[in-house]
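All chains should be modelled from the sequences, with the hints used to inform the complete structure.
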Amino acid sequence: MQDIMNIMDLLELLSNERGMGSIKDAYNAVLEHEQVEPTILATNIALPHARIDGIDKAVIGIVTSQKGFPYSDKISSLVKLMILILVPKTAPGEYIQTLRAFAKILNEPEYVQKIIAMNHSQQVWEFFDSFKQRSEEH
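Just so we're aligned, residue 1418 is where the sequence shown starts under our numbering, counting upward by one.
Be aware that one or more of the hints could be misleading.
[Said to hold, decoys possible] The list that follows gives simulated cross-link-like pairs (lysine to aspartate or glutamate, EDC-like), each with its CA atoms no further than 20 Å apart: (1) 1506 / 1470; (2) 1521 / 1511; (3) 1506 / 1449; (4) 1484 / 1527; (5) 1549 / 1525; (6) 1521 / 1546; (7) 1441 / 1470; (8) 1506 / 1546; (9) 1549 / 1527; (10) 1441 / 1473.
If you're looking for bench data, these hints aren't it; they were derived computationally from the structure.
Laid out in structure tokens, this is it:
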């Protein structure tokens, strides 16, 4: 996996892969949320998120680091898992559903440890896809 340690790096990668609108606007929207209170789940999971223009479906980027990396001046612990969630401004329901789905999975410490230990992005996506498939079956 690529060495990404901040939101802007992840946005640039996602933009190159997904062709999103303005990276600067997306960054500013995420930063608005994070400057008030960083979205930290547990001690080592960051979940930055925003609703933005320029996309027609959710864009999600995931960064894992077994060593951890600094995320915010307001948080002293290192982040080992960062999941950036961007959803179209026109889809508030999808926004809440997406946040809820990730929060539910990330509430389980054993799942978080499995994700952090994964070495390939494909493994991470397959892990999350398995939850999506389970929820569609019920």
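Verification of the supplied hints:
1. 1506 / 1470: The hint holds at about 6 Å.
2. 1521 / 1511: Since the Cα atoms of residue 1521 and residue 1511 sit roughly 15 Å apart, the hinted pair holds (cutoff 20 Å).
3. 1506 / 1449: Cα-Cα ~15 Å, so holds.
4. 1484 / 1527: 17 Å, holds
5. 1549 / 1525: With a Cα-Cα distance of about 16 Å, the restraint between residue 1549 and residue 1525 holds, given a limit of 20 Å.
6. 1521 / 1546: 14 Å, holds
7. 1441 / 1470: Given that 20 Å is the threshold and the Cα spacing comes to 12 Å, the pair holds.
8. 1506 / 1546: 24 Å, violated
9. 1549 / 1527: 18 Å, holds
10. 1441 / 1473: 18 Å, holds
Comparing the model with each numbered hint stated earlier shows that hint 8 is the single one that does not hold.
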